[in-house]
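**Q** One letter stands for each residue in the lines below.
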Amino acid sequence: MASRYDRAITVFSPDGHLFQVEYAQEAVKKGSTAVGIRGTNIVVLGVEKKSVAKLQDERTVRKICALDDHVCMAFAGLTADARVVINRARVECQSHKLTVEDSVTVEYITRFIATLKQKYTQSNGRRPFGISALIVGFDDDGIPRLYQTDPSGTYHAWKANAIGRSAKTVREFLEKNYTEDAISNDNEAIKLAIRALLEVVQSGGKNIELAIIRRNQPLKMFSAKEIELQVSELEKEKEEAEKKKSKKTV
Amino acid sequence: MAATFFGEVVKAPCRAGAEDDEEEEEERRRETPEDREVRRQLARKREVRLLRRQTKASLEVALLEKYSCSRFIIAVGNNAVAFLSSFVMNSGVWEEVGCAKLWNEWCRTTDAVHMSPTEAHCVFYHLKSNPSVFLCQCSCYVAEDQQYQWLEKVFGSCPKKNMQVTVLTCRHVTDYKTSESTGSLPSPFLKALKTQNFKDPVCCSLLEQPNIVHDLPAAVLSYCQVWQLPAVLYLCYTDVMKLDLLTAEAFKPVLSSRGLKGLAKNVPQSTEILRKLMTANEVQSNIYT
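Protein chains in written order, with our numbering: chain U, 1 to 250; chain R, 1 to 289.
No lab work stands behind these hints: they were computed from the structure. Values in this document were obtained by computation on a predicted structure and should not be read as measured data. Errors might be hidden in some of the hints.
As the list claims (entries may be wrong) - Simulated pairs of lysine-lysine, DSBU-like, Cα-Cα distance not exceeding 30 Å:
{"hint": "1", "chain 1": "R", "residue 1": "LYS177", "chain 2": "U", "residue 2": "LYS176"}
{"hint": "2", "chain 1": "U", "residue 1": "LYS49", "chain 2": "R", "residue 2": "LYS252"}
{"hint": "3", "chain 1": "U", "residue 1": "LYS168", "chain 2": "R", "residue 2": "LYS276"}
{"hint": "4", "chain 1": "U", "residue 1": "LYS30", "chain 2": "R", "residue 2": "LYS265"}
{"hint": "5", "chain 1": "U", "residue 1": "LYS236", "chain 2": "R", "residue 2": "LYS252"}
{"hint": "6", "chain 1": "U", "residue 1": "LYS243", "chain 2": "R", "residue 2": "LYS177"}
{"hint": "7", "chain 1": "U", "residue 1": "LYS238", "chain 2": "R", "residue 2": "LYS276"}
Could you put together the complete structure from these sequences and hints?
**A** Dropping the structure here:
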């Protein structure tokens, strides 16, 4: 049945599916994992770094991009589609600032991206964008925000979410471990993001990229050393927890 | 012929049976000796050849008629092959006993005769310490018309009843028919399908209707059902069809089954070997990030 209704984007199937949109969601699963966490005073974005070819410049393979000084996003899916969406979003951020003399709110730019994606699910001859995005930042009121968009053009606010390959595993981990205590402390929120990624990242800390935004501060990208430090701290804590457990059983 | 709204031209079904018969007869009359020769050459090109190890000599009898077999494990697809390579083949000394060479439209080469040794995609091994345990690593696609030949050349026309067959393979999770949405399925996950004579417990839930099995694993299972051989297929539904660590590791519960018992010795070391295999085979692609 699918084959007769999946060629043209503007066609509904008899049971109400837009197959191209659903196939675009499959394309998102081909991208590596990205996780976003909204803390009390911090927002964290962590991504699984794809291994780079020997002769490739690592700096050109980026999953976390700043849209403005106070908003950044991570995506999963088709690289080229992401580049187009990010460029449009960046232009919109500046255009908004010039027009109304205020920076965009996180919700505004998320809505802009989602509207753009939705247009491509309803136009002839076009296909949907094959990316999902996690958009984080702080508004002027100082409240941290995390939004997720998907190829259908929907967007929702989240406390914590994951997209890309093995997103379900990471989301289940977050559901079990996201507590108010876990995110009240900035360091704990960062550790939660790293722990969530380590559930699915194959080679540990060296394949993780992390970015944070603190209230009234610009985007900070963690260096490889800083991530290694966090990972080794986590491993120490894990060892200590296991020692305590074995003492209790004895 | 009919045209749809979208400009597709589709063949409209015709219930006038008499018309069809006449057309078919005319076509048969039109077939020339050249057509027959082309058909013969194509059949020869698509022949499944079972070769002895290291030589180009064909095996005269079916593989499992030549050797006695108590356990036969078949891995179909790159993730199942990677799993068996890391967990089973690295835990013992396995000797190659033969390979199946076949060509079809899915092969990357157009030359059916001079395929390089690295393209012998169906390789058969037996365990040196227990030569009745056989293993097949099949990483090529066996087309529908070649499956019967493959079965005949491997199992023979009258298989022995004391053999137990285990098949491992993968399928994309979007093929799994369920009332839940595929986004909520815990992929990768294992499902089992067994023949009537398979009495041992399976290490995962059985495949529910209306899901079906396809390709070579289906052919093997059907063959075993007809010949009343105990056989089980472990099917891993995954959302990553290329070589993937999580997908290959999803087969781990099968190590406790009777078919693979005692064949995997050092699981942590095997996991490390699997990890290295994955990184070695990673194809650089910048399409998805």
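**Q** If a hint holds in the structure, say so; if it does not, say that too.
**A** For each hint, the structure was consulted:
{"no.": "1", "hint": "R/LYS177 with U/LYS176", "result": "29 Å, holds"}
{"no.": "2", "hint": "U/LYS49 with R/LYS252", "result": "27 Å, holds"}
{"no.": "3", "hint": "U/LYS168 with R/LYS276", "result": "25 Å, holds"}
{"no.": "4", "hint": "U/LYS30 with R/LYS265", "result": "33 Å, violated"}
{"no.": "5", "hint": "U/LYS236 with R/LYS252", "result": "28 Å, holds"}
{"no.": "6", "hint": "U/LYS243 with R/LYS177", "result": "45 Å, violated"}
{"no.": "7", "hint": "U/LYS238 with R/LYS276", "result": "25 Å, holds"}
Hints 4 and 6, counting from the list given before, are not met by this structure.
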